[in-house]
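Chemist: All chains, full assembly: derive it from the sequences and hints.
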Amino acid sequence: MRRTYISFILALGIGAVAILLFPYRALTPGILRTGHEAQKSDCFSCHTLFAGAPASKCGTCHKPGDIGLRTVKGGPLPKASPRTQLIHRVAAMECDRCHSEHGSRLGAAATSRFPHELLPVEVGAGCAACHSGKKPADALHTTVSAECSRCHSTKSWKPATYDHDKLFRFDRNHPPRCADCHRPGTSLKEYTCTGCHEHSLDRIERKHRKEGIMNFENCRKCHPSGNEHDTIKEGKQRGNREHEDD
Amino acid sequence: MALRFTFTRILPTLLLFAALIAGAISVDYLLHILGLAWIGRYCGFVGTALILISFIYSMRKRKWITSGSMKGLLKSHETLGWFGALVVLVHGGIHFYALIPWLALSAMLVVVASGLTGRFLLEDAQIRIKDQAEEMRKAGHSATDIDRELIGQSLLVDTMKQWRKVHMPLTMIFLALSLLHITATVLFWRW
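Quick note, the sequences are listed as chains A and B, same order. Just so we're aligned, residue 1 is where the first sequence starts under this note's numbering, counting upward by one. Just so we're aligned, residue 1 is where the second sequence starts under this note's numbering, counting upward by one.
Treat the hints with care, as some may be off.
[Said to hold, decoys possible] No more than 20 Å apart at the CA atoms, straight line, and that leaves these computed lysine to any residue pairs for SDA-like:
1. B:Lys165 / A:Gly35
2. B:Lys61 / A:Thr4
3. B:Lys165 / A:Tyr5
4. A:Lys189 / A:Pro175
5. A:Lys233 / A:Arg169
6. B:Lys61 / A:Arg2
7. A:Lys40 / B:Leu99
8. A:Lys57 / B:Arg190
9. A:Lys40 / B:Ser114
10. A:Lys155 / B:Trp38
11. B:Lys161 / A:Tyr5
12. A:Lys63 / A:Gly35
Just so you know, the hints here were simulated from the structure itself, not pulled from any lab data.
Modeler: Right, here's the structure in full:
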């Protein structure tokens, strides 16, 4: 029994001495990032007991107004980042919400997904304030005038989502390929179904006139999907009547 | 004979230890590919709780508590100790930075190995005593003679006594290092 207690006290004592003599080596959860070498010998230069690493301690060296513009020594950054400056100016949050100064040998320290919900509403709603250079110059995006948030969310940028079902339901014969129905260079509000051989203009005209339907310009108004039996009957008799315009 | 001994007695013990390591690696890998690696941080609390609960057996052994069967509590000590160690291994992950937590983790693995050895020794001693009693019965000895011969199950007692001289100090070293790690975490954590 005595051996047991002696083992405990010895291990505790040796461990405590090791912590006092070599605190960084004994306790660090990861290598400190470049630029924080001076903090290795003094954990409390960043940490407060029971409070982690509060922003006030980070602010000792990283002046909030200088982030993204100047170095900690006050000189200009080689490449200023207005976006970084905006984020730190408007978002009220603790530094360690995104930053971990104890990195990892196995890879970059995990900075969490940027919490967009901490941005003021008027800033968070306008993606362009931070992401102005990110809009691709492809056929899809050059014809879209809507805000990015129409298809992209702050939860995850990709995949983009758009509820196309309310306009037209995709299926095996009508896969979600924009160019199949929306001609390049035209607005996404415009579409055509006559792009494939199944829906040639002659065939559509013939089939509809046979049913007494004269106005068949806006296909999706009656056909919410590619299923020809899935038609919307608007309560009007079909025959020689024309469909009402939109 | 030796081969049979190895397969029926030694191999299960080795497999239990191997399963601990393999299980921890599997769970850690799963958490990473599911993007749930952050759970590992909180596994420290769970693992510690499981290990502490397993010490109910130790308290019962020292008669600090009087309820509960020794056999049942020993079984729960083994099971909770194994699962607690697995959860703590997931918590630790494959990181080798700080000395104190790393030493605590190593000490834990040594204690588990020691525990599994004790389990093996206990079972082995029990089997040997049973075999000895059976031999005496076949030789025609009376039950009283057998009991007198095996009184106190001296083989079992001696074996476990020697084993405890190693297991207890190792456990104390593990507990001391864990206490230092937990204290440091509590002091530096943002609460």
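Chemist: Quick check: which numbered hints come out false for this structure?
Modeler: Those not satisfied are hints 1, 9.
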